[in-house]
Amino acid sequence: MAVKVVIPTPLRAYAGKLESVEVQAATVAEALALLTARFGELRKHLFADDGRLRSFVNVYVNDEDIRYLQKDQTRVGEGDIISIVPSIAGGLRGENNGD
Amino acid sequence: MATKTGIPPTQQTDQPAVALSKEEILRYSRHLIMPEVGMEGQLKLKQAKVLCIGTGGLGAPLGLYLAAAGVGRIGLVDFDAVDSTNLQRQILFSSQDVGRPKIEAASERLHGLNPDIQIDPIEARLTSENALEILKDYDVIVDGTDNFPTRYLVNDACVLLGKPNVYGSIFRFEGQVTIFGHPGGPCYRCLYPEPPPPGLVPSCAEGGVLGVLPGIVGAIQAAEALKLILGKGEPLIGRLLLFDALAMRFRELKLRKNRECPACGDHPTISQLIDYAEFCGIRGEEAPLPQTTVPEITPKELKARLDRGDDIFILDVREPHEYQICNLGGNLIPLGDLSKRVNELDSSREIVAHCRSGKRSAEAVEFLRSAGFRKVLNLKGGILAWSDEVDPSVPKY
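Respectively, the protein sequence lines represent chains R and L.
Residue numbers for the first sequence, in our numbering: 1 to 99.
Residue numbers for the second sequence, in our numbering: 1001 to 1397.
Treat the hints as calculated values from the structure; they're not laboratory data.
It is possible that part of the hints are untrue.
[Said to hold, decoys possible] Simulated pairs of lysine-lysine, DSSO-like, Cα-Cα distance not exceeding 27 Å:
(1) R:K44 - L:K1340
(2) L:K1257 - R:K71
(3) L:K1254 - L:K1227
(4) R:K71 - L:K1254
(5) L:K1396 - L:K1300
(6) R:K17 - R:K44
(7) R:K17 - L:K1359
(8) L:K1227 - L:K1049
(9) L:K1303 - L:K1396
(10) R:K4 - L:K1254
(11) R:K44 - L:K1254
(12) R:K17 - L:K1340
(13) L:K1257 - L:K1136
(14) L:K1227 - L:K1136
(15) L:K1022 - L:K1227
(16) R:K44 - L:K1359
(17) L:K1049 - L:K1136
These numbers were taken from a predicted model, which means no experiment stands behind them.
Put together the whole structure using the sequences plus the hints.
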């Protein structure tokens, strides 16, 4: 099943600068495994050492948080959109002052 | 899921009836002739108290629109001074404000816009010690800060006080907006129980922000704050609005209250404010500079060695768009490409790596040394230090 994975701006640098990637997957776990197999650098930004999704990264299938579906076993089908939504903190000052 | 609109009943201002002057009626006439606001709504605005945390990119349109709308009392919290890099997006400030405390310049501007309202300038850094005291006087809190410790602090303080937190956040050309902490609705910790560890937040190479983005996101926050006060419409409670200015697309995701949330769940474990710097893995007030263990060369030393004709390969590990801003004539290999282009480097030559401030190039030096390069040094302080110590004609950014 062709599923679109939307890559958020902060993580695009680790995903070939792509806005979205299409993968053939039946579950969220499969889709993310394929994604991180293709973009190895992305793995440490999405998953902790124990293989669980990091707590500052949420994954949505369409508009629903997978934590309230079947987590990474949530099934996906043709045309579904998986969104990776990390926390971002910017707002007040130049976000790049830290270098 | 909360569907109730408006300020929680406990927060409703309980003041004697107020009236609008003739001048105010004229000023707010475009609100008054609209049934969704009307006289009743305008009086609610006049009695409302909103706290804006941060008077930067998000706080600018927010403050301006709240003041223009006639919100009777606006608190502004900031501790920073205006600098020239703010002017690209922080439309509260003028060129002549550079160097002034933001609170002072912002208060003056908002007073000028609407002399009938009260501005509370609070020149302070929000901390666990002062947050509850500062927030408790306001009906609606609007978070326009720029760092994770303050985000969690504002969230927890709002949950503890039962106050709605109109949240907005931006990165490059993408924004997030929602309302946290409304009774029955989710809080920031329901969405993100923990912050990212400092090492995993994107580096400055991916930073920056389209100047108009905080304008749009801050204006949405202002709209949500006004709707909460008026008790009209569908507030952004339980919905995360994502905005992409590049695609010019809005999307909406569902946010649910997490029953296991440590702040607002069924059995909360957070009963007081904590040390948020520690919670976010940051020691001290500011983000720590990375421990520099890589061998360095100062800009002056490098200049002296280049002047005497030493054979040194200058490796610039910034991004191509940064090279266009200014460069030292170095060979550009962005840090992210270094591992696959390492074969372009000659390990027998001496290499000095640099970036903007020296952080990314320290990573590059560490990587190259682990790859067997022995004669590789980091330019201490990067191009910024080069501009300060060697060649002031090199622009800083």
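Hint check:
1. R:K44 - L:K1340: Cα-Cα ~19 Å, so holds.
2. L:K1257 - R:K71: Holds. K1257 of chain L to K71 of chain R sits at ~16 Å (cutoff 27 Å).
3. L:K1254 - L:K1227: 20 Å, holds
4. R:K71 - L:K1254: Status holds; Cα separation ~15 Å.
5. L:K1396 - L:K1300: 17 Å, holds
6. R:K17 - R:K44: 17 Å, holds
7. R:K17 - L:K1359: The hint holds at about 22 Å.
8. L:K1227 - L:K1049: 13 Å, holds
9. L:K1303 - L:K1396: 18 Å, holds
10. R:K4 - L:K1254: Between K4 of chain R and K1254 of chain L the Cα gap is close to 19 Å, so the pair holds against 27 Å.
11. R:K44 - L:K1254: Status holds; Cα separation ~26 Å.
12. R:K17 - L:K1340: 16 Å, holds
13. L:K1257 - L:K1136: Since the Cα atoms of K1257 of chain L and K1136 of chain L sit roughly 23 Å apart, the hinted pair holds (cutoff 27 Å).
14. L:K1227 - L:K1136: 20 Å, holds
15. L:K1022 - L:K1227: 25 Å, holds
16. R:K44 - L:K1359: Given pair K44 of chain R, K1359 of chain L holds - Cα atoms ~20 Å apart, limit 27 Å.
17. L:K1049 - L:K1136: 10 Å, holds
Of the numbered hints listed earlier, not one is contradicted by the structure.
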